[in-house]
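Peer 1: Take the given structure of chain A and dock chains B and C to it, following the hints.
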Amino acid sequence: MVRKYVALLRMKYIEMLAYRLATIVWMTGAITQPLITMAVWMNIDPSQSDAFFFYFMAVIFVERMTSAWDVWELDREIREGTFSNYIIRQLHPIHWAIAENVVYKLLFLVILVPIWAVAALFAPALRFDISGGQLLLFLAAVLLGAALRFLLSYTCGLLGFWVTKVAAIYGVLEVISLFLSGRIAPLEMLPPFLQQWSIFLPFRYMIGFPIDIINKAANGDGIMKGFVIALIWAAVFIIVLQFVWKAGLKKNQAVGG
Amino acid sequence: MGKYWRMFREFFRACLVEELEYRSEFLGNLISSFFGIGIAILTMNIFFYQTDRLGGWSYADVLVLLGVFNTLKGLIDFALRPNMPRLLEHVRRGTLDYILTKPVDSMFYVSFRHLVFWRLIDVALGLGLVVYGLAEKRYFPSFVDIVVFFITMAAALVLIYSLWMMLMTTSFWVIRIDDLSFIFDSFFETARFPIGMYRGWVRVVLTYVLPAAVITNMPALSLLGKWNISTALIVGCLAVVFLWLARRFWRFALRSYTSASS
Amino acid sequence: MIEVKHLHKSFRVHVRKAGWLDAVRHLWKREYRVVEAVKDVSFTIEKGEIVGFLGPNGAGKTTTMKMLAGLLHPTSGEIKVGEYVPFEQRAEFKKMMSLVMGQKSQLIWDIPPMETFLVNKAIYDIDDRAFRRTLDELVELLELEPLLTKPTRSLSLGQRMRCELAAALLHRPAILFLDEPTIGLDVHTQEKVRRFIADYNREHQTTILLTSHYMGDVTALCDRIMIINYGQLIYDGELAVLTEKLAPYKRLEVQFAEVPNVRWEDYGEVAEIEDGNVVLRVMREKVAEVSAHFLQHFRVHDINIQDPPMEEVITRAFQEEVPHGS
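Chains as they are written, first to last, in our numbering: chain A, 2 to 258; chain B, 263 to 524; chain C, 28 to 353.
So here's chain A without its partners, still in its complex pose (with noise of 0.2 Å):
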């Protein structure tokens, strides 16, 4: 297995050599939307600037670290067929969406964490001062928050062997996580009831959660709870991506890739 995976990651990073260009890209273009929310919320209230700025450049952090493609590269594999290549080998083709997604993620750490520390030391209000374990549980949080985006997007892609638009379901649910995951606004700004919502549904712990607890924003109890919650979504993803799996490829075999 570790074999198959230094290949497959060394492949992989051949690849996104050869699309550098869209790469890049493609990391500045998911920057603008936080900008934007965060410029808003300074405008509402401009004595807190400074929680808002280090709030939204954890966001872009964040969300970067965890964001996940692969529906819509499984929406286009299924759909021109190409995904069948992938069925006919015996290694499990998800692993090679997390190949993918290790090597890429790794290149936005390798570029994101140098730009924050270079950027703290002439911004202030970047600087944050956390024990060792919090930091820990910051970096668990955040690769939770990426298994789970992932588990999410790779069983909506694997309705592709159903419906034809799955795209546009994840875009569902991409917005609607928008809300509930912290990036349209901090939690405590939301009215009560979508708070609510945010602590029990999955979205939250993609993003908001990790940086709730770098911010010092969630205590002790809160972090135990968002754990087990997370870990309970992640459990069900697992489950219903497997489920979803097996049936596709009955229904794939009935019908033909």
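Cβ pair distances, simulated, as ranges:
#1 C:Ser183 <-> B:Arg271: 26 to 34 Å
#2 C:Gly211 <-> A:Thr165: 24 to 32 Å
#3 A:Thr165 <-> B:Phe379: 16 to 24 Å
#4 A:His93 <-> B:Arg271: 48 to 56 Å
#5 C:Arg229 <-> B:Arg354: 33 to 41 Å
#6 A:Thr165 <-> B:Arg465: 38 to 46 Å
#7 A:Gln49 <-> B:Arg509: 44 to 52 Å
#8 B:Ile445 <-> A:His93: 33 to 41 Å
Simulated from the structure, these hints should not be mistaken for laboratory data. Just so we're clear, the structure is a prediction, and the values are computed from it rather than from any experiment. Glycine residues also receive a C-beta, built at the ideal position from the N, C-alpha and C atoms.
Peer 2: Frame of chain A, contents of chains B and C only:
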């Protein structure tokens, strides 16, 4: 001019046939349009949950602005967006050669050949929201307001077209086009809000360099009766300048295409 | 109609290496090399001529044709088509010519060909009456009637090519550039397309420049051919002269049950002998006689007579340095 209008009509007809060939359903498109505008209004409501003014604009003002934004976005999705991937196809497969051998302006052809008329629903919804916003504010625009609105709206369209065209032209060099429309979207997103909301150099950039905010703010302000003729004129000039730039860039790209490919 | 003088075209090609480190290095540095695609080509084509433009892949055929159509800018040299310089891309010039590429389609995949025709009608400013008349004529000649309303994607390659030709001819161009119009088509359809091109040329005095890999296209259509190789024009003249001179033979391939012990030189030049398979180059006037002889005297599994392949003729033309023109 008449010829180009005839061609546009022909394109529209051919696309109607193509669309009906695929029987893409009316309902799905209707839902997605309503969903889009609903989400936009919801977002504004979340902001206005914490405040009653955004960049100096009241809630009703912002609704008018959002209506203008939705209208323009609908027009982009109607005429410009569908053509972006096709241009890429033409460049990659070499079928651009057919377009270049036709007695028609190639820039016109590549930007309007494919139309997705479903997106006209967005235009209608956007205009509806403009009317609703005005009603909410209880402001009835004067005749002059409306005239200035149409002028600034036309300038806005030309500006958008030029910026989009410049982006599209880069497909001669860049391989993955979907990432490119991503750039445009993120920049156009800024136009959703009152320009007064942005600070410092960001405001300067959005006003003069990438005049996103101007594109939507000007028409909305005109309808609200807060126009001033000199800015309207400046916007008009800006539109002409950008169109000229887009045209130059397209010509430049064609030159490098025709002298480099085999 | 077409006048070309000392035409040159060179490209800068960007060299790309595969590999781990090279991919990284490639981020900063790109290497180029210059390729001369067309070197000092000159010719004239009169109105109504059909000229075959031959050469192996990458010889410069398509490049030259693209320069004639105004799609490529010549590095140096002069081109005049009608009274226009193609690269200026004047609307009047575009209206008098048309281009059909066998490997690239101008029809829109998902809709019937008729829709493309109507779009072309608007583009070329064709008035209703002229459009009707031309369309009727093309529909009849190309037997398009049942195809017009079917989506393009459901047409066969041959049907599609017939529609391509119609789309290209709706505005009655005076010059038609055909780039590999019969590529990939079956023999029967190739025949049909050729007959149409010949008839259309006779009827409308359209000047046609045709590139092809297939000797058959050229022998059926062109009196005059030009051969280009490595970017240089190595022959320009009558087809008959060239074939007589360079390929006065046919390729006779015989599969014997048992290879007879005879002196092959008595029949023709030996190209190859392998197992039971013998390939001979036999003079045209002797082909019938020789094959009859084989069939009578030996047990023959299969016999096959062909024109010498294009490449062979061109190689010969190149080796023997035929003088230009006749």
